[in-house]
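Visitor: So the chains spell out like this:
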Amino acid sequence: MSADHRPLSPHLQVYKPQLTSVMSILHRITGVALAVGTLLLIYWLAAAAGGPERYAAAQGFMASPIGLLLLFGWTLAFFYHLSNGIRHLFWDAGYGFELPTVYKSGWAALIAAAVLTILSWAIGLAVM
Amino acid sequence: MNLRTPLSRVRHLGSAKDGTHHWWAQRMTALALIPLSIWFIASVLSMIGESHQNFALWAGGPFTASLLILLILATFYHAWLGLQVVIEDYVHATGVKFALLLLVKAACILLATIGVISVLVLLFQ
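Sequences listed follow chains U and V, in order. If you use the numbering used here, the first sequence corresponds to residues 1 to 128, in order. If you use the numbering used here, the second sequence corresponds to residues 1 to 125, in order.
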């Protein structure tokens, strides 16, 4: 068997997804998504530096349905990556490895991400 | 005694003589980004609907401009380190991997520079 056709380990096709593994890959996916999303952040800052008209155009794009959808996705990815990132930092410091704690911190990170996203948009839409 | 094969040594596989630097830099930028990004999101929320003039006044203050520049540098350093690991984990064709690593690094440096220059323009306006 050539190296290219060896079975992939872990055998994703027979694995039942767990909270731990799903959150782990989500951390990567949100990380990549946030990196792509920095394009929007830099576009917005550059537009602000470019003067009132460019800034108004950037603001107009952000307030369009596509812009709002991108911003919502970005916010959700951000708060997930932030909450789960703090969870990772505790692991890096050597805390929270007991299995019940891993599940508790996982749910805590998910709930924190959802609450912070909803809270931000509630504030944002109220101000708008 | 070194058990590494001569071929793997000449291909530069193994220690690149920077030890845990990559891992450590990713954690330190993560730590810095916790307060910086929360501050940024809170600030943007409070700036919604503000005119360009007010936004420029806010972003062009010395304190805000400094935090924005630190946020931009930490963000793109962290993003570069993270994307690098993702590419190294999933892209195995040497040429494509090398090209992607270079592209991501260049994109991060370019975007960070545009961001920092934009903040400086607002600062000196």
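Calculated from the structure, these hints are not laboratory results. Glycine included, each C-beta is placed from N, C-alpha and C at the ideal position. Check the hints yourself; a few may be wrong.
Covered stretches of chain V, as calculated for chain U (at least 3 residues, CB under 8 Å) [as the list claims (entries may be wrong)]:
1. 2 to 9
2. 93 to 103
3. 110 to 124
Short, incomplete list of chain U residues facing chain V, as computed with Cβ under 10 Å [stated by the list, open to error]:
4. THR20
5. MET23
6. SER24
7. LEU26
8. ALA49
9. ARG54
10. GLY73
11. LEU76
Visitor: With reference to the structure, classify each hint as holding or not holding.
Guide: Cross-check of the supplied hints:
| no. | hint | result |
| --- | --- | --- |
| 1 | 2 to 9 | violated (count 0) |
| 2 | 93 to 103 | violated (count 0) |
| 3 | 110 to 124 | holds (count 8) |
| 4 | THR20 | 18 Å, violated |
| 5 | MET23 | 16 Å, violated |
| 6 | SER24 | 12 Å, violated |
| 7 | LEU26 | 13 Å, violated |
| 8 | ALA49 | 4 Å, holds |
| 9 | ARG54 | 9 Å, holds |
| 10 | GLY73 | 15 Å, violated |
| 11 | LEU76 | 12 Å, violated |
The earlier numbered hints that this structure contradicts are 1, 2, 4, 5, 6, 7, 10, 11.
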